[in-house]
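Asks: Sequence:
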Amino acid sequence: MSCIRKGGIYLKTVIVVDNNKELHELIKNALNEIPGIRVIQTAEDGEEGILKIHNLKPDIVITDIKMPKVDGTELIKYIAKDWMNYYIPHFIVITSQDAQSSIKLRDLPVRRILNKPFSVEDLVNEVIKIQKEERISVLIADDDKEYCEKLKNGLSRYEDIDILGFASTYEEEVSLIEDLNPDIVITDLIRKNKFTGKEIIEKYIEDDKKMKFFVISYTPFCVEPSTHKNVVGCMQKYEIETKLDDLVYKLRKFKANSVRLKIDEDILSNKQQIKVEEERGIFRKVKLFFTN
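If you count by the working numbering, then the sequence shown holds residues 1 to 292, one letter each, in order.
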């Protein structure tokens, strides 16, 4: 993903791929009015779109289906296949209302299909919805209050991060996790010479809440993603001031993957529903045949 900074605020980026130049301007003007969103490039065909998506790694791609050189379905397939283990942008598709287009799109990681003629208001609402879903709620757990404030002030510069609160003790952290259900807990491991952070991580390893932790500690590597499946990353505590962008990148990648997993689940559910409907259709035809 590729956020850009403007005046201390980080913006989600959008690329528009369509062979209609007038539509480029219409979409660009509408989306650039949304706080925290910026259309950074446009492309007039799928081939140009693939190159720009590769180079700029936008958060959102808005693409037409019928285009010269490479159409929208091939563009989505190429990007999804190429970035399967890295990052896939949200795809919003603009298409005509025909059965063939629907069949082509039903197995692809498409966020929303807008049928022509579409409402720009619908497009704006969908982008805002994506923006809200990818906000990252964070709980900071550390007994060093000064460090907590410093980390909070640093993370507050990022438009898509919400700091829910601080916890210093075992009891405070568990209580806030249960009450606030953050996306991720940024935690130190040692508090008052005890492995309080590690104990809480291990408490939630098998928990149905699937709570995730990012470890920031002077001894982070006694708890790693390879040994603790609910740990999404580790950093040395002294690195944070100079590597805050790295931390935020990892948090965003975690959240994007979580949203991506939900989309995959929806696609699988949709495919299963289609299969059930097809089987019902075959059954009805067979029944009708024998009835007649």
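Everything labelled a hint here was simulated from the structure, so no lab data went into it.
Beta carbons are placed, not taken as given, at the ideal position from N, Cα and C, and that holds for glycine.
There could be a bad hint or two in this list.
[Unchecked claim] Straight-line alpha carbon distances no greater than 20 Å define the calculated SDA-like cross-link-like pairs of lysine to any residue that follow: (1) LYS21 <-> GLY36; (2) LYS152 <-> SER119; (3) LYS132 <-> TYR249; (4) LYS150 <-> ILE190; (5) LYS212 <-> LYS129; (6) LYS145 <-> LYS28; (7) LYS66 <-> SER119; (8) LYS210 <-> GLU241; (9) LYS229 <-> ASP160; (10) LYS253 <-> LYS69; (11) LYS212 <-> THR242; (12) LYS129 <-> LYS152; (13) LYS69 <-> HIS24; (14) LYS129 <-> LYS145; (15) LYS243 <-> THR227.
[To be verified] Pairwise CB distance ranges (calculated): (16) ASP107 <-> GLY165: 18 to 24 Å; (17) ASP144 <-> GLU74: 16 to 22 Å; (18) LYS229 <-> GLU149: 26 to 32 Å; (19) GLU74 <-> TYR147: 45 to 51 Å.
Asks: Each hint: holds or not?
Replies: Hints, one by one, checked against the model:
1. A threshold of 20 Å between alpha carbons decides the hint, and for LYS21 with GLY36 the separation of about 24 Å lies outside it, so the pair is violated.
2. Proximity of LYS152 to SER119 is assessed by CA-CA distance (about 39 Å); at most 20 Å being required, the pair is judged violated.
3. Taken as a hint, the LYS132 and TYR249 pair is honoured in the structure, with Cα atoms around 17 Å apart against an allowance of 20 Å.
4. Restraint check for LYS150 and ILE190: satisfied, since their Cα atoms lie roughly 18 Å apart, inside the 20 Å limit.
5. Distance restraint check for LYS212 and LYS129: the Cα-Cα separation of roughly 23 Å exceeds the 20 Å cut-off, and the hinted pair is therefore not satisfied.
6. For a cut-off of 20 Å, the pair hint linking LYS145 to LYS28 is broken: about 43 Å separates their Cα positions.
7. Our distance criterion of 20 Å between C-alpha atoms is met by LYS66 and SER119, whose separation comes to about 19 Å.
8. Annotation: proposed proximity of LYS210 to GLU241 is violated, straight-line Cα distance about 29 Å (limit 20 Å).
9. Of the pairs offered as hints, the one joining LYS229 and ASP160 is violated, with about 25 Å between alpha carbons and a cut-off of 20 Å exceeded.
10. With a CA separation close to 32 Å, the supplied pair LYS253 and LYS69 exceeds the 20 Å bound.
11. Proposed proximity of LYS212 and THR242 is contradicted: the alpha carbons are some 24 Å apart, above 20 Å.
12. Under the criterion of a C-alpha separation no larger than 20 Å, the hint pairing LYS129 with LYS152 is inconsistent with the structure, at around 25 Å.
13. Between the alpha carbons of LYS69 and HIS24 the distance comes to roughly 18 Å, so the proposed pair stays at or under 20 Å and holds.
14. Among the hinted pairs, LYS129 with LYS145 is inconsistent with the structure: their alpha-carbon atoms are about 34 Å apart, more than 20 Å.
15. Straight-line distance between C-alpha atoms of LYS243 and THR227 comes to about 24 Å, which puts the hinted pair past the 20 Å bound.
16. Checked against the hint of 18 to 24 Å, the C-beta distance between ASP107 and GLY165 comes to roughly 42 Å, which is inconsistent with it.
17. With their beta carbons about 52 Å apart, ASP144 and GLU74 fall outside the hinted range of 16 to 22 Å.
18. Roughly 31 Å separates the CB atoms of LYS229 and GLU149, a value that falls within the hinted 26 to 32 Å.
19. With their beta carbons about 49 Å apart, GLU74 and TYR147 fall inside the hinted range of 45 to 51 Å.
Figure legend: structure checked against the earlier numbered hints; hints not met, in rising order: 1, 2, 5, 6, 8, 9, 10, 11, 12, 14, 15, 16, 17.
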